[in-house]
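There are 4 protein chains.
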Amino acid sequence: MEQNSGYCCDRYCASAAEKIKEACACPEAEIFFLVGGTQANQVVIDTVLAPYEGVVSAQTGHVNSHEAGAIEFTGHKVLEIPQREGKIFASELEAFVSRFWQDGNHEHMVFPGMVYISHPTEYGTLYSKKELEDISAVCRKFNMPLYLDGARLAYGLAAPGTDVTLQDVARLCDVFYIGGTKCGAFFGEAVVFTRLPMPKYFVTRVKQHGALLAKGHILGIQFDTLFTDGLYFKIGEHAIKLAQILRKGFADAGLELYIDSPTNQQFVELPDSILQKLTERNIVYRFWEKNAPDKTVVRFVTSWATKEESVEKLAAVLKELMAGC
Amino acid sequence: MEQNSGYCCDRYCASAAEKIKEACACPEAEIFFLVGGTQANQVVIDTVLAPYEGVVSAQTGHVNSHEAGAIEFTGHKVLEIPQREGKIFASELEAFVSRFWQDGNHEHMVFPGMVYISHPTEYGTLYSKKELEDISAVCRKFNMPLYLDGARLAYGLAAPGTDVTLQDVARLCDVFYIGGTKCGAFFGEAVVFTRLPMPKYFVTRVKQHGALLAKGHILGIQFDTLFTDGLYFKIGEHAIKLAQILRKGFADAGLELYIDSPTNQQFVELPDSILQKLTERNIVYRFWEKNAPDKTVVRFVTSWATKEESVEKLAAVLKELMAGC
Amino acid sequence: MEQNSGYCCDRYCASAAEKIKEACACPEAEIFFLVGGTQANQVVIDTVLAPYEGVVSAQTGHVNSHEAGAIEFTGHKVLEIPQREGKIFASELEAFVSRFWQDGNHEHMVFPGMVYISHPTEYGTLYSKKELEDISAVCRKFNMPLYLDGARLAYGLAAPGTDVTLQDVARLCDVFYIGGTKCGAFFGEAVVFTRLPMPKYFVTRVKQHGALLAKGHILGIQFDTLFTDGLYFKIGEHAIKLAQILRKGFADAGLELYIDSPTNQQFVELPDSILQKLTERNIVYRFWEKNAPDKTVVRFVTSWATKEESVEKLAAVLKELMAGC
Amino acid sequence: MEQNSGYCCDRYCASAAEKIKEACACPEAEIFFLVGGTQANQVVIDTVLAPYEGVVSAQTGHVNSHEAGAIEFTGHKVLEIPQREGKIFASELEAFVSRFWQDGNHEHMVFPGMVYISHPTEYGTLYSKKELEDISAVCRKFNMPLYLDGARLAYGLAAPGTDVTLQDVARLCDVFYIGGTKCGAFFGEAVVFTRLPMPKYFVTRVKQHGALLAKGHILGIQFDTLFTDGLYFKIGEHAIKLAQILRKGFADAGLELYIDSPTNQQFVELPDSILQKLTERNIVYRFWEKNAPDKTVVRFVTSWATKEESVEKLAAVLKELMAGC
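So the protein sequences, as listed, match chains A, B, C and D. Once you know that position 85 of the first sequence is 457 in this note's numbering, the rest is easy, because the numbers rise by one and skip nothing. Once you know that position 175 of the second sequence is 547 in this note's numbering, the rest is easy, because the numbers rise by one and skip nothing. Once you know that position 42 of the third sequence is 414 in this note's numbering, the rest is easy, because the numbers rise by one and skip nothing. Once you know that position 193 of the fourth sequence is 565 in this note's numbering, the rest is easy, because the numbers rise by one and skip nothing.
The hints are simulated quantities; they were obtained by calculation from the structure and are not laboratory data. Treat the hints with care, as some may be off.
One copy or two, it doesn't matter: identical chains are merged, so the pair holds either way.
Restricting the straight-line Cα-Cα distance to at most 25 angstroms, the calculated cross-link-like pairs of lysine-lysine (DSS-like) are [to be verified]:
#1 LYS513 to LYS662
#2 LYS679 to LYS587
#3 LYS606 to LYS587
#4 LYS391 to LYS606
None of the values given here were measured: they were computed from a predicted structure.
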């Protein structure tokens with residue numbers, strides 16, 4: 373029954389923003405809350421780019437492959453560059469952008485206006501701090517904002533062996549979003565402008581995209597909760613712990629990992645006969661890709677909501693089934 | 373902790389859709405849940421129109437005046453026609469569309485491709501069943517879908533003296549939305565396609581607009597609740613009852629209504645001196661327009677959450693202040 | 373067989389630009405040549421406006437009514453204001469823009485980002501220098517560029533009684549275009565940025581709109597010719613002289629002008645029976661509008677190519693036919 | 373001084389269309405004339421695709437790399453597939469499209485809605501009839517229109533050894549354009565819809581793109597001329613004859629071709645020292661790419677306007693300079 377101001381001008385959003393700024397060690401950051409990941413990518417990329425610019429992305433980047441053309445819908449091209457396990461690299465980025473500016477005909481081409489990366493990537497992999505620093509340096513050299521899609525950021529920050537902290541992300545990127553939807557919230561992504569000012573009349577532009585939530589305090593309440601007592605980080609740790617159990621389960625079952633992911637997405641190639649048995653036992657996996665006639669790469673994902681017993685059951689089932697192969 | 377399928381393919385959305393179809397007496401309707409009103413307008417209008425078509429609207433229509441250009445953002449023109457107290461009329465609509473088709477040069481103009489109305493309108497006014505039937509007949513004559521923005525539909529259906537039911541809306545319109553955000557939900561609008569098929573690959577197009585909610589069951593749960601035991605209608609009745617008390621309060625205070633609205637939005641022109649005193653007493657109103665140097669038209673809105681005592685307090689305060697004028 | 377650089381980087385375009393700058397008495401102007409009028413309007417408006425802005429226009433403005441939604445196609449709203457005989461007025465413009473900025477909710481609305489006028493207007497009427505100065509003053513007060521569509525500019529500059537010169541246009545507007553298509557060229561419009569810098573990477577944006585002519589020297593040659601020895605002005609004078617003969621013809625035939633146009637477009641309301649006889653005699657007119665059951669407003673247009681004998685024939689025919697009424 | 377109807381509704385356009393239909397052996401074709409190549413690509417692709425569809429193209433395709441994002445500007449993604457020497461291949465096209473339809477998540481992706489090829493390609497290479505038939509078969513299997521960019525079509529049809537005729541193009545593609553700008557016209561491209569109906573209200577959509585030429589007869593006259601007495605084909609033959617002389621010149625100078633192009637674009641890698649000397653002698657080439665520190669790939673192009681003596685001079689100069697290396 374509590375009455376709040378609309379459109380994210382309420383005390384919960386204000387409090388959540390303060391906590392996020394503190395967690396980022398970036399007091400000058402500007403923060404806005406949006407509902408979903410594709411929406412956040414569309415709004416940020418469209419409002420930061422000039423009309424003659426496109427966004428550079430890995431070929432496998434979410435904005436390039438799995439957002440139904442939401443970026444192009446706003447008039448901007450996604451400029452594909454090569455990737456390995458979902459990651460782009462500073463050297464190839466620099467080569468691509470240098471070639472653009474050296475081309476005598478570049479006024480007939482789409483200008484590279486910002487760089488999109490995801491961390492964790494669509495393959496669950498992570499950038500090292502050195503890799504991020506190198507990409508960030510190329511971006512600054514060419515005056516291109518670096519934008520990080522943090523849909524699964526909690527799981528990246530909690531991964532074993534990572535040397536990238538939330539403060540590093542805030543320092544090396546110009547704008548990024550902290551994913552809520554995939555990290556414990558009903559919905560919501562916190563867009564954080566650290567080294568780039570929030571685009572002019574941002575509320576108007578968010579509205580124009582149909583992306584302005586009237587009762588914005590519902591977003592504020594969720595992020596205020598996630599950033600109280602380290603909940604956002606604990607959520608990540610829980611999922612990572614279970615993903616590690618799963619990895620060990622794969623190894624015990626004699627399965628090789630398809631990609632060596634340190635985060636909550638685990639990819640493994642399984643015989644189709646076994647996949648059928650998993651389905652019979654109500655175990656859910658996601659088809660990823662097929663590189664052989666009788667085997668399929670599938671993805672298992674742990675989250676804040678995954679129970680340890682579920683992961684252990686899957687490990688046991690896989691061991692049993694593989695033993696029978 | 374319950375796991376559900378994503379993107380509105382869950383059992384709550386299915387159940388809510390069934391209940392809405394029943395309430396509409398339209399078993400063949402197709403329903404999709406979106407997050408907000410501007411988003412619903414943008415997605416529906418853009419996906420229903422052909423690229424060479426625009427949407428006909430009252431000059432005061434929400435899509436024409438208060439959505440930051442969200443319709444034009446998708447490439448479509450809003451074709452303004454005259455209005456009275458927020459309503460358009462069949463005769464003027466027919467004249468406008470006839471003129472278009474008679475113009476020898478109409479291939480150089482935007483085609484009128486659908487008609488947008490709101491019920492209640494932006495001024496709180498309502499169409500009569502006869503008025504809706506006449507508009508609907510013109511739309512069918514010219515093969516233009518009729519789209520009704522029902523952001524405040526609950527309040528329209530509960531208004532004293534209205535002869536328009538939800539079934540009438542479903543029968544006379546081709547597509548409309550049932551507003552959740554302004555009628556008791558945290559967020560959410562139920563788009564109902566009754567006489568028009570849902571546009572092809574609608575999920576893809578919703579995604580392309582950045583409007584697809586991952587955890588769609590949060591929408592389903594809310595609408596399933598609103599359409600259980602007539603809650604949606606009760607919410608409307610409560611607000612209308614309080615709006616009637618407010619109207620009586622205005623009369624008692626000697627105030628003339630600016631617009632004769634039978635719904636939950638009430639407009640009254642107050643001396644600026646009194647407005648200042650309201651502010652001092654923490655009474656919130658919304659500036660509407662200014663037609664005189666020392667008076668201002670303001671809007672008061674009741675809702676599902678308004679308490680009877682608040683309305684009575686406002687009535688008493690106005691009576692006291694006006695007496696002192 | 374002459375070889376030239378492409379994309380308007382040739383010596384003819386350079387020479388034409390110099391002559392236009394001299395004719396405008398504006399040495400710092402920047403000039404670009406485009407192919408057509410709708411294209412010029414679309415490119416200029418889209419590249420000058422910010423994404424959250426729309427263009428203010430008379431309801432009858434060409435961009436609002438006869439360009440098939442080319443402005444909205446680029447994501448911008450046309451903000452209609454009232455007009456009289458095709459003209460807008462400073463007082464109403466100021467009222468409209470003031471209301472926008474005073475509205476507490478204006479961040480949910482389309483920002484008025486520039487003002488579009490046509491001179492002559494779509495009704496053949498002209499602004500006086502005083503009227504243009506007043507509109508220009510409002511634009512500067514609110515920091516909105518003033519854009520003048522000069523599709524028929526030659527005919528406006530040559531009209532009897534006008535006190536507006538090309539230099540006035542250059543001084544009072546921020547950007548305008550000098551129409552070639554309707555004033556003697558095969559095609560082409562010269563966009564002149566006087567008080568506004570040419571938008572950044574303009575060639576890229578023109579290309580992105582599909583509007584960059586590869587062999588731009590064909591545009592340059594035409595404008596270089598039109599601005600040599602005052603040809604552009606002579607073309608206007610010829611058409612105006614014939615339009616005056618036509619006006620006298622209407623008067624002699626006892627016909628009242630529908631609009632008192634001093635330029636090459638003349639509007640007259642004729643009985644439908646007479647229109648039929650004109651058609652039988654192969655006399656071409658353009659339907660304008662119908663305000664009575666048995667009469668129709670039609671438009672006759674003179675141009676650089678109209679012969680005096682054609683106009684005199686029309687005058688004689690009308691006199692004969694009207695006498696028989 | 374001749375008066376014609378506007379917007380390509382004149383007798384020249386009609387006559388040109390008849391001649392093109394005859395040359396294509398496709399009496400049911402529908403033809404529209406546009407001004408430029410990027411414009412033609414933008415208008416055709418945007419009007420043929422559904423809003424949720426993108427166009428499949430070689431990574432090197434003109435629409436993907438050198439049109440400043442004109443396709444994305446209209447909201448559509450260019451879906452890159454691999455290429456070799458500018459050409460795509462049926463097997464890879466089929467693999468790409470099959471993968472899309474097999475992906476359980478494809479409703480979150482851009483649908484492949486049409487296929488773009490250029491002939492000659494951006495590298496001067498040509499498809500064989502068999503290759504075109506195979507691509508066409510894949511397109512028909514998946515119900516995707518095949519669109520051929522014929523900016524340089526005259527040069528492809530005249531190439532030595534090609535087995536592809538204009539009739540083959542008309543039969544195997546659904547829509548294509550016959551380039552005028554690069555093949556002897558001042559400007560103009562003839563869009564030919566053979567197996568696909570011209571999109572509904574095409575004139576309106578062309579206008580909406582700012583692409584409708586008012587005095588369309590200027591386009592008609594040029595194409596009527598080009599398709600009279602085989603002029604279009606003769607223009608191609610002339611350029612090809614000179615390109616062959618150039619190829620022999622490269623060989624005589626001991627230079628290896630960078631790409632084995634049978635058409636009027638010839639690519640060769642030259643030492644940078646020699647390029648400098650060419651510049652000193654006023655010989656114009658176009659930078660293509662740089663794969664070595666001291667050498668550069670450059671492009672030479674012959675056309676309808678190239679003189680035999682120019683080509684022979686270039687061959688002699690190269691021989692002389694290379695001998696001195």
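Checked hints:
no.: 1; hint: LYS513 to LYS662; in the structure: between (40 angstroms within a copy, 22 angstroms between copies)
no.: 2; hint: LYS679 to LYS587; in the structure: between (32 angstroms within a copy, 19 angstroms between copies)
no.: 3; hint: LYS606 to LYS587; in the structure: between (27 angstroms within a copy, 21 angstroms between copies)
no.: 4; hint: LYS391 to LYS606; in the structure: within (16 angstroms within a copy, 39 angstroms between copies)
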